[in-house]
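> The listed protein sequences derive, respectively, from chains A and B. Here the numbering used here is used: position 368 in the first sequence is 369, and no number is missing along the way. Here the numbering used here is used: position 76 in the second sequence is 715, and no number is missing along the way.
Everything labelled a hint here was simulated from the structure, so no lab data went into it. Any given hint could turn out to be false.
Looking from chain A toward chain B, a few residues come up when the C-beta cut is under 10 Å (computed) [said to hold, decoys possible]:
no. : residue
1   : V79
2   : A105
3   : P108
4   : V153
5   : G160
6   : L163
7   : W164
Chain A is nowhere near these chain B residues, computed Cβ spacing over 10 Å in every case [said to hold, decoys possible]:
no. : residue
8   : C780
9   : L855
10  : Q883
C-beta atoms are modelled at their ideal positions from N, C-alpha and C, and glycine is treated no differently.
Spelled out from the first residue to the last, the chains are:
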Amino acid sequence: MRTVRHVPLLALAVVGLLAPHHVGAQVTYDRILNASSEPENWLTYNGTYMSQRHSGLRQITATNVGDLESKWVLQNQVFGAWQSNPIVVDGIMYVTQRPNDVMAVDPVTGRVFWIYRHTPAENARVCCGANNRGVAILDDKVFMGTLDARLVAIDATNGKPLWEVEVGDVSAAYSITMAPLVVKDKVIVGVGGGEYGIRGFVAAYDADTGEEAWRFYTIPGPGEPGHETWDGDDWEHGGASVWVTGSYDPDLNLTYWGVGNPGPDWNPGQRPGDNLYSDSVIALDPDTGELVWHFQFTPNDGYDYDSVQVPVLVDIEWNGVPRRLMLWANRNGYFYVLDRVTGEFLTGTPFVRVNWSSGLTETGRPIPTPQPAGQPTWPGNQGGTNWYPPSFSPLTGLFYVSSWEDYATIYRPEESVFTPGRAFLGGGFDVLTPTPGAPGVGIGRTNPINNWTDAVGHGTLKAIDPRTGEARWTFEQFDVSDGGMLTTASDLLFTGGREGHFHALDARTGELLWKASLGGQIVMAPITYVVDGRQYVSVISGHTLVTFGLRD
Amino acid sequence: MGFMPALVYFSAFVMLLVGPEQGMAQGAFADHRYTSEAIEAGSRVYVSDCALCHGTNGDVVDGVDLRRGVFRTAESDEDLRRVITTGAAEGRMPAFNLSLVDLDGAIAYIRAGFDPEGIAVKVGDPARGRAIFQADGCASCHRVNGQGPRTAPDLSEIGLVRTPAVLQRTLLNPSAALLPINRPVRAVTGAGETIRGRRLNEDTYTVQLIDSEERLRSLVKADLAEYEVSSTPIMRPTALSSDQVADLVGYLLSLRGLP
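With the rest of the complex left out, here is chain B:
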C-alpha cells in the first residue's frame, strides 16, 4: 500500500496535471496514432524506397538511425514529411513523390521503430512542446540542461533513452511508466524528522535518496521509525490535448544531452 504525497510542494503541480481517467485519455489519443494498417503500408514503402540507402535496420547512413528516432535535422513528423518530399543533405537524400497514404505510412513505420506490430506515436513540434513543458508544470519538478529542480528525474538526455511510445505512455499513464528505482520514499527518522524523496539506491540495510530539498541522503533503515516506498508516482496523468501531448513528445525527443 503506497502513500499519497501530501506536501504543499507538490500540490500546484498535481493540480495542473490532474486529468481525465487513463482510459479516456487513451481513447482521445486513438485518432492521433498511426493505425496498424499505416505501419504495415509503411513497411512496404520502406523496403522498396528507403532500405537501399538506409539499410534494413535504418542505421546505414552516418548520423541517422531511423529505427531509434535519430535524425540529422528532423524532429517532428512534419519535419520528416518535408525531408522525404523535398530531399535533404544536398541531394544525397533525394526527394520522393509518395502518395499521402504511403508518406504517412513511412513515417508511421519509422515512428513504430520498424515494428509492424508496434505503436506509432504522433510527434509534434518541439518548440511548442518546450513552451508547454515550461508552462504546464513539467519544469516545476523536472530538470533540463541545468534548469529546474532535481527532485524528479533529469530529462536532459531523455530523447536518447526513450522511444516516442514510452514518452507518450508516461504522460498519459505515469503509473505504468514509473521506473521502480524512482519510486517516492517517505522515511521518519528516530529523531522524528520526516524525509521525502526519490529513491536512488537501496540495499538490505540502507537506502539512498534525493530529498525534497535536493539533498543527497543516505539512511540506515535500522535507525528509522518509519520507512515507506510508494508505487504511485508524484506525476499525474496529463490533461493536455492530444496535439499538445504530441508537441511535448516532440520536445522530449529533442533532448539529447549536451551538444
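In isolation and in its complexed conformation, chain A is listed as follows:
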C-alpha cells in the first residue's frame, strides 16, 4: 500500500531555502516519477502520475488558513475563461494563456520572465472556447499542444521554440487543448474535435526531436478488434476525442486516458453499435501505444457523456485486500471503481440523479432507459461532472468532486450529414427549465446576475467514500460548479466555483474554514507549492491568476 510522505514543516523550510530560486536543475523523468517526494514543486498537470491532486505540503493548516492573503495577481491578456493549470518547477511557474501563449512567471511576485506566443492557424476550430489547459516539462523543455493541433517544444529557460510538429489536420478541426503527459522520453497528447467528426487518437512524440513514436486511434479501423462496434463508414468520423491529460502507473507501465463522446453527439441512431472506444477509459503501453485493456462507461452514447475525466489512481484496500484501483466520477452520473491492472469493473453508483439508465450490470454495462421524445434526461448535457479535476486524499480516503445536481436536458436528435471540418452534432438540446424560455446553464457563466437560479441546477462538492460510493459529506453551492480540487497533507481542501468564491474546507468534515471572493468563475483546480520556505496556493478565477500565501 502506498504511504504518504509526511514532510515536517521544518524540513520543508530547509528544502525551500536550499532550493535555488531559479531554473537550473533539470526535470528528469526520475523527478517526475517521484514528484510526490518534492511537494514544493508541482511538476505535472495533475501533480503526480497518480493524478490525486494531493499535496504533501502542510504549512497552511486549518488553524492558520484564515491568515491567507493575496500575494499577487496576474491578469490574462485575452478574454475568455482561463482554464490553464500552472506547473511550478524549482522556483519558476509555467502557465499558458489564450490562445496558445506560454509564460514563465516568478511564483513569488507574479512577474513574467518571458512569453512564448504561438498564433494558431486561422482555420483552427474548437467547440467550446480557445482553451489551453497547460504544459508538460521534461529536462529543459516545456511542451504545449495548440489549438491548430500542433505540438511545440520550448526552451524552459528562454522561451524559444525548439521543435514543432503537426499532430492532427487543422482543416479537419483537429485541435489540442490538454496539457501533454511526459512518460520516459516521450511526450503524449490526444486530440479534440469530437463535435466535428474527427477520428480521435492519442500519439507519442520523441521529446528531443518531435518525431512521432506511435499513434493509437480511439476508433478501431477495419480488421482491428472493436471495429465491429461501428456501422459502415461511421468509424471514419465517429469522434472519440481525447482532451484531458491522462495518468500513468510506472509499475504496470500503463497510461490511462479518458475518451470523449462519439459523433454525431446527440443522434445515436445514426451510428448503431457500442462505438468503441468512445466514452471509455483506455490503458495504453507508453512505449508502443498498444491497447492493454479498455472499459466503456456509456455504449452508443446519445447524451455527450465524454469520459474525459482525470483517471485518479489509488492504492487502497478493497474488501480487505490491497489493490491498485482507479476512481472515476463519470459525466454519465455514475461513480466507478475499476481495477487498473485488468480494467475489471468493481462497482458503480449514481452520484447524481440518473434516468438514462436504470443501473449497471455485473460487468458495469449500463441498462439503457432512453427517455421518450420531449422528456428530460438526468444528468443533462454537461453531465453529473465533467473534465474538471477531482482529488483523492490518501489521508481521509475520500474522493472529492464537483457535481451538477437537479440538472436535466431535453434532447432533440436529428440526422446530420458529415462534412470534414464542420460541426457534426446530430441535432440539439434544451436545458430543462421550470418555465418555457427561462435562462438555462451551459458551458461557462455568462452573467453576473444568476437569473437562471438553482431551479435549473446547482453545484455540490461531494466527498465520496470509494468503498461505498456514497458521499460522506456534501458542500452545496447555489450556482453549478466547474471547480477542480486540491487536497493537502494538512487535511485542507481548496476549490472554487462559477460564483467566483475560492473555498478552503476541512477535508474530513466539509466545514468551510475560509473563503475569498475572486470575482470570476473558477474552472480549474488550484495548485500549491513552496518557494524559499513559504507555501503558496494558486488558482485561476475569470481572467486572473491569484496566488495566496500566509500573512507575513
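Since chain A is already given, all that's left is putting chain B on it; use the hints.
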C-alpha cells in the same frame, strides 16, 4: 552612468569585436550601400516592371513580401540578381533584361523597404555569414536554433523582426541599437552575491533577469545592496570588413525561426 562589464566571461568576445570608432566604420561602409540615386532609380523600375504582379506594396505574390525582405528562395543580393535576370517559379516570375544600373536600383529599392528616403543595405552570402557568426564571436553570446548561450538575446527569428538596415546598424554601433529592455544589469544582494545579467522585465519593486549562468532570477529591489542598469551593451562595434558585415547581415536575415 553605466558600468563596464568586467567579467572574464565576456573578455574574449569583447577583444574579438573591439573595432574602429563608429564614424570610421560607417565611413568604410558608405561605398557598400546603395546610393539614394540607385533607390530612386529602382522605384521607377519597380513601378514599370515589378508592381504589375507584386503589387504596390510588394506583397501580392504568395510567400513573397518584397518590402519586408521575405522571399521564397533568394537571400543575398546575388540571389535577387539571379532571380530577376533569369526568372523563377517555373516561369511565373519571368526573366527581366535590365541594365546594370536598373538592376542595382531595383535591388536597392527592395532593400530600402520601398522607402525612397531609406537606406539600402548590401546583403551578402548567408553561408559565409554563418561561418563568420560561428568564428568571430557572435556565437559565444548569442543562441541560434537551440545552439549557443542564452545570455544575449536569441537570434533564431531575428530575420523576421529586423530589417537589413537595423541589423547593419546593430553590428556597426550596438549602442544605437540596444533595446532598453535588454540592458545589462548588475545587482549585489544583501548577502553579498553579485549578479550580472540581461534584463527581462522590471517594475517598481522587482526586476527579472537571466544571469551570466543562464538562470532566470527574480530580485526584490528592497533586498539588494546595489542595483545598476547600464545603457552600454556588452556587444562592441564590429571590426569586420564591409563585405563580411554584408555576409553576416545575409545570415541574420536568413534566421526565420523553425522551418
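> Next, verify each hint and record whether it holds.
The hints, checked one at a time:
Of the supplied interface hints, the one on A/V79 is violated, with its beta-carbon coming no nearer than about 19 Å to a beta-carbon of chain B, more than 10 Å. This hint holds: A/A105 has a C-beta 7 Å from the nearest C-beta of chain B, less than the 10 Å allowed. A cut of 10 Å between beta carbons decides the hint on A/P108: the least distance to chain B is about 9 Å, and the hint holds. Satisfaction of the interface hint for A/V153 is found here, the shortest Cβ-Cβ separation to chain B being roughly 9 Å, below the 10 Å cut-off.
Using the Cβ-Cβ criterion of 10 Å, the hint placing A/G160 at the interface with chain B is satisfied: the shortest such distance is roughly 9 Å. Using the Cβ-Cβ criterion of 10 Å, the hint placing A/L163 at the interface with chain B is satisfied: the shortest such distance is roughly 5 Å. A least Cβ separation of about 7 Å between A/W164 and chain B falls short of the 10 Å threshold, and the interface hint therefore holds. Every beta carbon of chain A lies more than 10 Å from that of B/C780, the smallest distance being close to 13 Å; the non-interface claim holds.
The Cβ of B/L855 does not lie farther than 10 Å from every Cβ of chain A; its closest approach is about 5 Å, which violates its non-interface assignment. Interface exclusion of B/Q883 from chain A stands, the closest Cβ pair being 26 Å apart, more than 10 Å.
Against the hints set out earlier in the document, violations occur for numbers 1 and 9.
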